[in-house]
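Take the sequence shown: its letter number 3 is residue 3 in the working numbering, and every next letter is one higher.
Keep in mind that a hint or two might mislead.
To be verified - Quick list of in silico lysine to aspartate or glutamate cross-link-like pairs, EDC-like style, CA-CA up to 16 angstroms:
(1) 48 to 17
(2) 48 to 8
(3) 38 to 8
(4) 48 to 12
(5) 38 to 12
What the hints assert, rightly or not - Simulated restraints on C-beta separations:
(6) 15 to 40: 23 to 31 angstroms
(7) 33 to 12: 25 to 33 angstroms
(8) 15 to 38: 24 to 32 angstroms
(9) 9 to 32: 29 to 37 angstroms
In short, the hints are calculated from the structure, not lab data.
Computed from a prediction, not measured in an experiment: that's the story for all the values here.
Every residue gets a Cβ at the ideal spot worked out from N, C-alpha and C, and that includes glycine.
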Amino acid sequence: MVGFGFMEHCGDSLLLEIIERNASEMCRCVCGCNIIIKMTDLHPRWYKIELYEVGYKMVG
């Protein structure tokens, strides 16, 4: 599940914080994954995007 954290000005760009909540079981690996997010109604400009995963602490 992906949620929207906050949006704030960061110099000449706009900072978007996106939070992913882990919905699966905890595991011991650090895997890469593809994330597809569709954002609408954004004005043309520079954006800085920070993506955070929450839900489980790192194990191992």
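How the hints compare with the structure:
no., hint, result
1, 48 to 17, "holds, 9 angstroms"
2, 48 to 8, "holds, 10 angstroms"
3, 38 to 8, "violated, 19 angstroms"
4, 48 to 12, "holds, 10 angstroms"
5, 38 to 12, "violated, 23 angstroms"
6, 15 to 40: 23 to 31 angstroms, "violated, 18 angstroms"
7, 33 to 12: 25 to 33 angstroms, "holds, 30 angstroms"
8, 15 to 38: 24 to 32 angstroms, "violated, 19 angstroms"
9, 9 to 32: 29 to 37 angstroms, "holds, 31 angstroms"
Checked against the numbered hints given earlier, the structure breaks hints 3, 5, 6, 8 and satisfies all the rest.
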